[in-house]
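Protein chains in written order, with numbering that gives the first Met the number 0: chain A, 0 to 249; chain B, 0 to 285.
Take these hints with a grain of salt, some might be off.
Derived SDA-like pairs: lysine to any residue, alpha-carbon spacing no greater than 25 Å straight-line [said to hold, decoys possible]:
1. A:Lys187 <-> A:Gln237
2. B:Lys285 <-> A:Leu205
3. A:Lys209 <-> A:Val55
4. B:Lys285 <-> A:Val136
5. A:Lys187 <-> A:Val224
6. B:Lys61 <-> B:Ile224
7. B:Lys285 <-> A:Gln29
8. B:Lys39 <-> B:Glu168
9. B:Lys285 <-> A:Gln237
10. B:Lys285 <-> A:Lys209
11. A:Lys209 <-> A:Arg242
12. A:Lys193 <-> A:Glu246
13. A:Lys84 <-> B:Lys61
14. A:Lys84 <-> A:Leu119
15. A:Lys84 <-> B:Gln251
16. A:Lys19 <-> A:Lys193
17. A:Lys114 <-> B:Arg99
18. A:Lys193 <-> A:Gln231
19. A:Lys114 <-> B:Thr179
20. B:Lys285 <-> A:Val224
21. A:Lys84 <-> B:Lys39
22. B:Lys285 <-> A:Ala191
23. A:Lys114 <-> A:Leu89
24. B:Lys285 <-> B:Lys61
25. A:Lys84 <-> A:His184
26. A:Lys137 <-> B:Leu46
27. A:Lys193 <-> A:Leu220
28. B:Lys285 <-> A:Ser175
29. B:Lys285 <-> A:Asp14
30. B:Lys285 <-> A:Leu89
31. A:Lys187 <-> A:Val55
32. A:Lys84 <-> A:Lys187
33. A:Lys84 <-> B:Ile224
34. B:Lys285 <-> A:Arg6
35. A:Lys19 <-> A:Ala191
36. A:Lys84 <-> A:Gln231
37. A:Lys137 <-> B:Ile88
38. A:Lys114 <-> B:Glu168
Note that these hints are calculated values from the structure, not bench results.
Here is how the chains run, residue by residue.
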Amino acid sequence: MTHISIRNLNAHYRDHQALKDIVLDIPRNQITVIIGPSGCGKTTLLKSMNRFLDLVVGTHISGDVLIDGESIYAPGVDVTEVRKKVGLLLQRPFPLPMSIYDNVAYGLRIHNMHKRGRGLDAAVQHYLEMAGLWDEVKDRLHVPAGRLSVGQQQRLCLARGLAVEPEILLGDEPTSALDPPSALHIEKRLLALKEQYTIVLVTHILRQAKRLADYVVFMYLGEMVEHGPAQQVLENPQQERTRAYLEGEI
Amino acid sequence: MRKRLSRRHIEEMFFLTLMGISLLIVTASLAGILLTVIIKGAPVLTLDMITKTPQGGYYLGKEGGVLNAIIGSLYLAGGGTFLALIVSIPIVLGLNVYARNTRWANFVRLSLDLMWGTPSIVYGAFGFTLMLALGLRASLLAGIIVLALLELPIIARAVDELIRVIPAELEESSFALGATRFETALAVILRQVLPGLATAILLAFGRGIGDAASVLFTAGYTDRIPTSLMDPAASLPLAVFFQLNTPFPEVQQRAYAAALILTIIVLLTSLGSRCLASYLGRYTVK
Ligand SMILES: Nc1ncnc2c1ncn2[C@@H]1O[C@H](COP(=O)(O)OP(=O)(O)OP(=O)(O)O)[C@@H](O)[C@H]1O
Ligand SMILES: [Mg+2]
């Protein structure tokens, strides 16, 4: 079932067109992986889904992105609600300048979610467990988050993102700054999380795409060249350019 | 081993020497200033100096101290710094969170830079003209306002520069959770620059407490300790000035004692803000 529909999406950075007429349906509760050579518009496509392109001066967007059938670009849509619904993991983890605990509690506090249901402590524990970090930090919740290792920081960012109860998780090469064991750790988490979330990942690592992807999108020079179930696109690409990319020719 | 003196080695030596010279100039000037003030001021820096206000005949060499100027200076610089702080924080956050690099933001930055470069006597004259127009007397309040204007650009521009080097991703991390710009500014950006803010406050306080020209006409001078914002207030730089200006050597010596007190206050706030900055810096993300 479709969760995110991208309808004739064009994106320009000033006069450079980064996305050309993208039409794509992203399936619910699966991991969709976007691949393609550097500069082909993967990050731009990802950022169109949580209205992060709004933050870049000089961008112009046409077309539409629908989540659960509702446009996120319609006038009157609250951007903060969109971003709450659509979490984002950056390439490098950026903990907020506060304690581990407060990093996770931050989103709960700004959305006033900590007063309902279980208390804040329990919520923080819950999301740290979901991100697979709890056991490593349970005795030092109040130390600055910056003291964690980079791999732990990325899991903290995951916990922090999960805490605001998104439906969708976006990841822009979320493991590329991590050492291999930490990267695998994140991958394991993502595989576990797809039961409850729709996940969209950008990656440069084909092996990672093979390990994680249920659905694959191949982009080239701002165009979406091919998309389909992972098996099909990765093993038996229909387009010449996809095949060339998978074989390392472009 | 043969000693090679290639061009690159000579370059290296040259810059090392330059570095050594500049280090020497800095430390020697500081040592020179401190020694002068200590040698001339320490012998007459009695308990009376810091616990008593000028008694009758103080400026002729009789009893008393400069407590009026110590308290006055602390009130003036403390009040001025506080006022500058509460005005500059919204300016800086507004500049960086909403205005960004727009024409308008750069105009505000230019104005702040010009304010920073304006001599303090001009602030004093401006304050004085304003007071005349409004029919006000020299007072603690007027001094505080003028010092706040003097210190405002220091805090605002120092913090502005700090915020501008924060990686965009830090802000984005907060936006990605659905935070508004305002929430991000307060909880993330301000928190990230807190240690730098402590240093900026110290710089501003240092400029404020050491400035004579801006408070000369606006806060006035009095031998009494001000009891309300409308009272005139003495200040240490002016105390130094007036005492040096007397023909009596023992009063002139007390000028150095007053200067020593001022130096010690600045030194203590400097150390204090260092500690505060490193304490506040715990959470700063590198
Ligand atoms: N802020 C920007 N201003 C101008 N052009 C930009 C901006 N961001 C990206 N671009 C351009 O848009 C195109 C797509 O960029 P994008 O970052 O989406 O590529 P990408 O596929 O994520 O690349 P990479 O794999 O290197 O991360 C590139 O040609 C890039 O140069
Ligand atoms: Mg990218």
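Results of checking the hints against the structure:
| no. | hint | in the structure |
| --- | --- | --- |
| 1 | A:Lys187 <-> A:Gln237 | violated, 30 Å |
| 2 | B:Lys285 <-> A:Leu205 | violated, 31 Å |
| 3 | A:Lys209 <-> A:Val55 | violated, 32 Å |
| 4 | B:Lys285 <-> A:Val136 | holds, 20 Å |
| 5 | A:Lys187 <-> A:Val224 | violated, 29 Å |
| 6 | B:Lys61 <-> B:Ile224 | holds, 19 Å |
| 7 | B:Lys285 <-> A:Gln29 | violated, 35 Å |
| 8 | B:Lys39 <-> B:Glu168 | violated, 54 Å |
| 9 | B:Lys285 <-> A:Gln237 | violated, 46 Å |
| 10 | B:Lys285 <-> A:Lys209 | violated, 34 Å |
| 11 | A:Lys209 <-> A:Arg242 | holds, 15 Å |
| 12 | A:Lys193 <-> A:Glu246 | violated, 28 Å |
| 13 | A:Lys84 <-> B:Lys61 | violated, 76 Å |
| 14 | A:Lys84 <-> A:Leu119 | holds, 20 Å |
| 15 | A:Lys84 <-> B:Gln251 | violated, 72 Å |
| 16 | A:Lys19 <-> A:Lys193 | violated, 29 Å |
| 17 | A:Lys114 <-> B:Arg99 | violated, 35 Å |
| 18 | A:Lys193 <-> A:Gln231 | holds, 20 Å |
| 19 | A:Lys114 <-> B:Thr179 | holds, 20 Å |
| 20 | B:Lys285 <-> A:Val224 | violated, 40 Å |
| 21 | A:Lys84 <-> B:Lys39 | violated, 69 Å |
| 22 | B:Lys285 <-> A:Ala191 | violated, 31 Å |
| 23 | A:Lys114 <-> A:Leu89 | violated, 29 Å |
| 24 | B:Lys285 <-> B:Lys61 | violated, 57 Å |
| 25 | A:Lys84 <-> A:His184 | holds, 24 Å |
| 26 | A:Lys137 <-> B:Leu46 | violated, 54 Å |
| 27 | A:Lys193 <-> A:Leu220 | violated, 29 Å |
| 28 | B:Lys285 <-> A:Ser175 | holds, 19 Å |
| 29 | B:Lys285 <-> A:Asp14 | violated, 35 Å |
| 30 | B:Lys285 <-> A:Leu89 | holds, 16 Å |
| 31 | A:Lys187 <-> A:Val55 | violated, 32 Å |
| 32 | A:Lys84 <-> A:Lys187 | holds, 22 Å |
| 33 | A:Lys84 <-> B:Ile224 | violated, 60 Å |
| 34 | B:Lys285 <-> A:Arg6 | violated, 40 Å |
| 35 | A:Lys19 <-> A:Ala191 | violated, 33 Å |
| 36 | A:Lys84 <-> A:Gln231 | violated, 30 Å |
| 37 | A:Lys137 <-> B:Ile88 | violated, 36 Å |
| 38 | A:Lys114 <-> B:Glu168 | violated, 29 Å |
Hint compliance for this structure: hints 1, 2, 3, 5, 7, 8, 9, 10, 12, 13, 15, 16, 17, 20, 21, 22, 23, 24, 26, 27, 29, 31, 33, 34, 35, 36, 37 and 38 are not met, and every other hint is.
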